[in-house]
Amino acid sequence: MSKLMRVNLSTLTVTTQDLPAEYAEMGGRWLTSTIVAREVDPTCHPLGPNNKVVFAPGIVTGTTAPCSGRISVGGKSPLTMGIKEANAGTPFSQKLARLGIRALVVEGEVTDRSKRYVLEIDKDGGRLVEASDLAGKHMEETFAEFGKRYPGHAWCGVSAAGEAGLPLAGVCFSDAEKRPSRYAGRGGLGAVMGRKGLKGIVVDDSGGPGVAVKDPDRLKEGSRKLADALGRHDVTKPGGALNSFGTAVLINILNEAGGLPTRNFSSGVFEGAQKISGEAIAEAVAERGGKGMVGHRCHDGCVIQCSNVYPRPDGEEHVSCVEYESDWALGANLGVDDLDDIAEMVRLCNDYGLDTIEAGVTLGVAMEAGLADFGDGKRAITLLQEIGRLTTLGRILGNGAAFTGRAFGVTRVPAVKGQGMPAYEPRAVKGIGATYMTSPMGADHTAGYTIASEILGVGGKTDPLATEGKVELSRNFQTTTAWIDASGFCLFTAFALIDIPSGFEGALEACNGVLGTRWTMDDVTRIGSEILKTEAEFNRKAGLSAADDRPPEFMRLEKLPPHGHVYDLSDDELDEVLNF
Amino acid sequence: MVKTGETKVLKVSGPEGGKRLRFLTVTLSLYAGLDRHLSSPARGPLTVEVQQGLRVADVLEGLRVPREEVKVVIVNHRLAGLDHVLADGDRVAVFPTVAGG
Ligand code: SF4
Numbered sequence: 000m001s002k003l004m005r006v007n008l009s010t011l012t013v014t015t016q017d018l019p020a021e022y023a024e025m026g027g028r029w030l031t032s033t034i035v036a037r038e039v040d041p042t043c044h045p046l047g048p049n050n051k052v053v054f055a056p057g058i059v060t061g062t063t064a065p066c067s068g069r070i071s072v073g074g075k076s077p078l079t080m081g082i083k084e085a086n087a088g089t090p091f092s093q094k095l096a097r098l099g100i101r102a103l104v105v106e107g108e109v110t111d112r113s114k115r116y117v118l119e120i121d122k123d124g125g126r127l128v129e130a131s132d133l134a135g136k137h138m139e140e141t142f143a144e145f146g147k148r149y150p151g152h153a154w155c156g157v158s159a160a161g162e163a164g165l166p167l168a169g170v171c172f173s174d175a176e177k178r179p180s181r182y183a184g185r186g187g188l189g190a191v192m193g194r195k196g197l198k199g200i201v202v203d204d205s206g207g208p209g210v211a212v213k214d215p216d217r218l219k220e221g222s223r224k225l226a227d228a229l230g231r232h233d234v235t236k237p238g239g240a241l242n243s244f245g246t247a248v249l250i251n252i253l254n255e256a257g258g259l260p261t262r263n264f265s266s267g268v269f270e271g272a273q274k275i276s277g278e279a280i281a282e283a284v285a286e287r288g289g290k291g292m293v294g295h296r297c298h299d300g301c302v303i304q305c306s307n308v309y310p311r312p313d314g315e316e317h318v319s320c321v322e323y324e325s326d327w328a329l330g331a332n333l334g335v336d337d338l339d340d341i342a343e344m345v346r347l348c349n350d351y352g353l354d355t356i357e358a359g360v361t362l363g364v365a366m367e368a369g370l371a372d373f374g375d376g377k378r379a380i381t382l383l384q385e386i387g388r389l390t391t392l393g394r395i396l397g398n399g400a401a402f403t404g405r406a407f408g409v410t411r412v413p414a415v416k417g418q419g420m421p422a423y424e425p426r427a428v429k430g431i432g433a434t435y436m437t438s439p440m441g442a443d444h445t446a447g448y449t450i451a452s453e454i455l456g457v458g459g460k461t462d463p464l465a466t467e468g469k470v471e472l473s474r475n476f477q478t479t480t481a482w483i484d485a486s487g488f489c490l491f492t493a494f495a496l497i498d499i500p501s502g503f504e505g506a507l508e509a510c511n512g513v514l515g516t517r518w519t520m521d522d523v524t525r526i527g528s529e530i531l532k533t534e535a536e537f538n539r540k541a542g543l544s545a546a547d548d549r550p551p552e553f554m555r556l557e558k559l560p561p562h563g564h565v566y567d568l569s570d571d572e573l574d575e576v577l578n579f
Numbered sequence: 000m001v002k003t004g005e006t007k008v009l010k011v012s013g014p015e016g017g018k019r020l021r022f023l024t025v026t027l028s029l030y031a032g033l034d035r036h037l038s039s040p041a042r043g044p045l046t047v048e049v050q051q052g053l054r055v056a057d058v059l060e061g062l063r064v065p066r067e068e069v070k071v072v073i074v075n076h077r078l079a080g081l082d083h084v085l086a087d088g089d090r091v092a093v094f095p096t097v098a099g100g
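In order, the protein sequence lines correspond to chains A and B. Numbering-wise (numbering that gives the first Met the number 0), the first sequence opens with residue 0 and increments by one. Numbering-wise (numbering that gives the first Met the number 0), the second sequence opens with residue 0 and increments by one.
Here chain A stands alone, though its shape is the one from the complex (with noise of 0.2 Å):
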């Protein structure tokens, strides 16, 4: 039987009861956010005792499905100020859906405020332990103490600045090697778990019911079906585009679309591309040797393996991963062309628990208002440690881009909801930017990833300069991928489902086969659209409203080179995108 776990941190109490039947089919982000539109009272303080903090792994996760072990975390956003899941891929996850735990909801905040406590999960339930010595310890610290005292576990856990209710602070899961390295990173959900006092989460799998599947027979048919067209696809396949580059491989087409915003947004094209691209990352694997590689995996059973571990020169590790948004926000977007420097900025937010893309696009804000120079990698690195020292400058930063953006009287604040935008431009790609401005998350590229057909042709080609057709393309985005955020796979696995009929055909048997259901197509666009809904409407409780769904207005009104290009969907158009 399906489990979901509370944890009160109030009571220091944990319960364990039967999954609701109303939940039976969910999973991931779709399951996440019913919970907290059903339990968290949208006007609540995120930071507060009435806010929750909930986990979920996908439908498919734990078992053999290829690329499946992704876990969704949910609560309302100390950043946007409404509903937020974040996901990331983690052997923590494939353990918890082991034991059979489809929920976890974390609540309540611990009366003494100089306490911690982790929360201890194996087959026989789940316990609170004191850990006040972990109190205000970063990232490499708890998890090298995790390794000490729970070795066989998988981990989750927040930093120094998820205590201290820094919004840029993310959960930080274990990678398949144990690094602090997997984040749940967007909207400062870390943040809402450290005020909770809880320190982190350690799970033991061994001597577990595994997951519970209905018609093992029809999930091995569809996990075989996927992992055939997870084989076949330029994208996905051994040697392929993110295997043997890594998603850096995307700075330079990018770049060269024009798309690639350059220092805080006031150019799409950077002249450091090459140097910061994923071609110069396997080079530097390649040249460097040692403990560096390219086609690393977050988690066992991705087939992908689109991580890496970057090398310092000596062939030492320096960071897993350099993945294309972190490789952005703390490169391009600073105007840094050096590689071994965007590494230790990224090491760095891994180590103090922050989510690079805010990270990248608070320290561009900082750059804007002249705390240093566009370019100064050096001086870049010293403001992130300002942020792990919890200096009053620190917190600044560490509250976001807009909030900074706000302390330093800067306009040109690339946010939407409050939340810093990705790693493409929209004045150049105009159905990301719909994406940008609408989804329920803040501006967040994985929610509906137009880019597959405005930049790489992948799944049809529109021209991404143009508006048409640009709130069905987004719409449409939108919905599919928040049923994939429900299935537990990887969203990398989506160039193969949209491309190979039988690709998305064996995801959807995989979950059939889990669930006992008989989903098709209109199922995910079902499951996609209630998902969204539910979301749309916690945050119209919450007070967002339509005037939310828009861009900076300097997007309306700079020109963007290399275009010339304003952001020109209309209001009109963007009220149109989730409008059901």
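Keep in mind the hints are simulated off the structure, nothing from the lab. Mixed in with the good hints, there may be bad ones.
Claimed, not checked - Cβ-Cβ distance ranges computed for the label pairs, FRET-style:
| id | chain 1 | residue 1 | chain 2 | residue 2 | range |
| --- | --- | --- | --- | --- | --- |
| 1 | A | PRO500 | B | ARG66 | 47 to 53 Å |
| 2 | B | LYS10 | A | PRO500 | 40 to 46 Å |
| 3 | B | ARG66 | A | ALA20 | 51 to 57 Å |
| 4 | A | THR381 | B | SER39 | 49 to 55 Å |
The beta-carbon is built from N, C-alpha and C at its ideal position, and this holds for glycine as well.
Let chain A serve as the given structure and place chain B with the ligand on it in line with the hints.
The following block gives chain B with the ligand in isolation, referenced to the frame of chain A:
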């Protein structure tokens, strides 16, 4: 191997061998491993002298880059096709299937 940023000059002519015909100069970047088809790989940009009237496809053929590996062509920051006729000073970028997030 030619490193990032270094320039290499290649000459691509059409069937007439380029006699009495004008040549244009374009820059060409072959990304995400497509440069491995060159006799000496170069992570661009290459400077290529091209006979007037040739298309992107002709240049790639001249350089022995297999057409089936080419997914996206961008000329002067705009998506273009393999049949784009080259003009003097064009900045040409060629990609296999790539993706990420
Ligand atoms: S494709 Fe990348 S992010 Fe997705 S599961 Fe595999 S390693 Fe993790």
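Verification of the hints:
Taking 47 to 53 Å as the suggested C-beta distance range, the pair A:PRO500 and B:ARG66 does not conform, at roughly 25 Å. The hint said 40 to 46 Å for the Cβ distance between B:LYS10 and A:PRO500, and at roughly 45 Å that hint holds. B:ARG66 and A:ALA20 have their C-beta atoms about 56 Å apart, which keeps the hinted 51 to 57 Å range intact. Separation of A:THR381 from B:SER39 is about 41 Å and departs from the stated range, judged on CB atoms against 49 to 55 Å.
When the structure is compared with the earlier hints, violations turn up for hints 1 and 4 and for no others.
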